[in-house]
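Student: Chains as they are written, first to last, in the numbering used here: chain A, 1 to 147; chain B, 1 to 147; chain C, 1 to 147; chain D, 1 to 147.
Quick caveat, the hints were computed from the structure, so don't treat them as lab data.
All clues stand as given, with none of them false.
The calculated EDC-like cross-link candidates involving lysine to aspartate or glutamate, where the alpha carbons are at most 16 Å apart (straight line), are:
(1) B:29 x C:12
(2) B:29 x C:73
(3) B:29 x D:63
(4) C:68 x C:106
(5) C:29 x A:63
(6) A:29 x D:12
(7) C:29 x B:73
(8) B:84 x B:136
(9) D:29 x D:12
(10) D:29 x A:12
(11) B:126 x B:52
One letter stands for each residue in the lines below.
Number of protein chains: 4
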Amino acid sequence: MPCEFTVTRRVEFSETDMAGIVHYSNFFKYMETAEHGFYRSLGYSVVMGDMDPPIGWPRVHAECDFTKPLRFEDEVSIRLLVEKVGSSSLSFQFRFARLNPAPQEEIGRGRLTVVCVTRTSEGGLKAVPIPAGLREKLEVAPAGLLG
Amino acid sequence: MPCEFTVTRRVEFSETDMAGIVHYSNFFKYMETAEHGFYRSLGYSVVMGDMDPPIGWPRVHAECDFTKPLRFEDEVSIRLLVEKVGSSSLSFQFRFARLNPAPQEEIGRGRLTVVCVTRTSEGGLKAVPIPAGLREKLEVAPAGLLG
Amino acid sequence: MPCEFTVTRRVEFSETDMAGIVHYSNFFKYMETAEHGFYRSLGYSVVMGDMDPPIGWPRVHAECDFTKPLRFEDEVSIRLLVEKVGSSSLSFQFRFARLNPAPQEEIGRGRLTVVCVTRTSEGGLKAVPIPAGLREKLEVAPAGLLG
Amino acid sequence: MPCEFTVTRRVEFSETDMAGIVHYSNFFKYMETAEHGFYRSLGYSVVMGDMDPPIGWPRVHAECDFTKPLRFEDEVSIRLLVEKVGSSSLSFQFRFARLNPAPQEEIGRGRLTVVCVTRTSEGGLKAVPIPAGLREKLEVAPAGLLG
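Taking the hints into account, I'd like the entire structure generated from these sequences.
Tutor: Written out as C-alpha cells, the structure is:
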C-alpha cells in the first residue's frame, strides 16, 4: 500500500517569468502532476466520470513554501506523501527538490487537500465517501517523513 | 452590424518569461479574450450549451506574427476584425498595439479560424451552420482594414 | 495610508479546466494581479530594478482555501488586505468574491508572503529592508478585517 | 546532422479547458518544448546568454492547424522538422500525434520561425548570424517530410 509517489520534470521556458525563475503558480501545477500520477499508479484517474455516481475531486486547500528558486532546464522532483485519508477527503504533502544542476537540494514544500464529491440533482456538489477500491490502496506516510 | 471589436489589457507578471517579455503563447489567449468579448457584445457567449443542438467552437487554425516585444505592465489593445463568415466557420484577424508606454505602435498581428460544431450521437463532432441570430449580426470588415 | 486594495476581473476561457471551473493555480495569479495593482496604486512597481540596490520580491509562502467554484465569464473581485509589514517582508490576505452572476458571495481566501531581496556579489539573494518610501505608505488592516 | 527531433508528453489536467480538451494555446508551448529539446540534443540551450555577444531567439511567427482534439492523460508526440535555416533565422514544422489511447493519429501541424538576435547598445535588438557551431549541426528535412 503506497504512501508516496515521485515524478520528475524539466523546467520549461514557458514556466519562467521575467525574474528568471519558475513562476510560483507553476508549483501548484507540479503538485497536481504528482497527485494525478499517483492515482494512475494505483490504477485510477482523477477523472472518474464513469463511476456510479460520477465523482470529482475539487481542491479545497493548497499551500506552498518556496525556499530556493527553480530555473529554466533545471530538473526537479516532486515527491508526494499521503498525509491524511479522511472519509471523503485526502491531504498530501509535497517535497520539491532540484536534482540538476548539482548539488541536489530541497527547494520547496507544499500541501494539498482535495474532496471527493458528486453532483446533486439540484446541480450543486456534495461530499461522498472515497471509493472503497481507491481508499484501500492508500496509506498514510510515516510521521517521520511528514513535516 | 459590427465588423470589429477591441479590448485592452495590462500585461500581468505571470505572462512574462525569462526573456523579460510576454511569452508568445499568451498572444493566443489575448486573441480569445477579444473573440469572446466580441460575442458577448452581440449578446452571445462562446459557450452555447443551451442551444438546440448544443454547439461549440473549436479552433482549427491560429497564427500570429510578432514584430515588437510586450513587457510587464504595458497596456495592450487587441483589435478583432471579422475576416470571413462561412456557413459554419468564422475567421478573424487581430491587431495588437502597445498603448502605453508611448509611443503607441503595432506590435503584432494574428488570425484565428473557428468552426461551429455539435456532438454526434457517436460522440464525434460535426460542423453545423452558425446560429442565424448570431450570423445576421456579423459583418466582414472592409478590405482596407484587413491585411 | 491604504491597508487594502481591490481589483475585479472576468474569468477567461483559458483559465477554466475540464471540470468546467477555474483551475486552482489561477487563484495564485489573481492574487498577484491584486498585489501588483496595489503597488502601482502607491506609485511603485513590483519590478524595482532601477532602485539602488535593485530589489526584487520573491514569494516565500502562498496558500488558498477554495470554498465555491468560479466559472467562465463570472466576474470576480480580489480584495487584498495588508496583514503584516515586517522589516523586509510583507504578508497579504485575499478575499475572492464572485460578483456576477448573482448572488454575490465569497468563494475563497488566500494569503501571500513576499520578501524584499537584492542580489549579492556572489549571485545569491539576501533580504534587505523594504524601501522607506514604500514602507511608509503601508498600513496593516484592522484586525476585524483579517481572518 | 539531425533534421528532426521528437518529444512525447502526457496531457496535464491544467492544460485542459472547460470544453474538455487541451486549450489551443498549449500547442504553442508544446512546440517550444520540442524546439528547446532539439537544441539541447545538439549541445546547446535556447538561453545563450554566455555567448559573445549574448544572443536570444525571439519568435517572429507561429501557427498551428488543429485537426483532432487532445484530452487529459492522452500521450502526444511532438515531432520537429527543420524547414529552413536562414542566415539569422530558423523555421521549424511540427507534427502532433496522439499515441495513446489508440489508434495513433496525427492531430495537428504547426510552424515556428525564430530569429537570432543580440542587444544593441541603445537597448534594442538586432538580428545576428546564427552561431557557426550550432548552424553546422542543422540540416533541412527532406522535402518529402515537409508539408
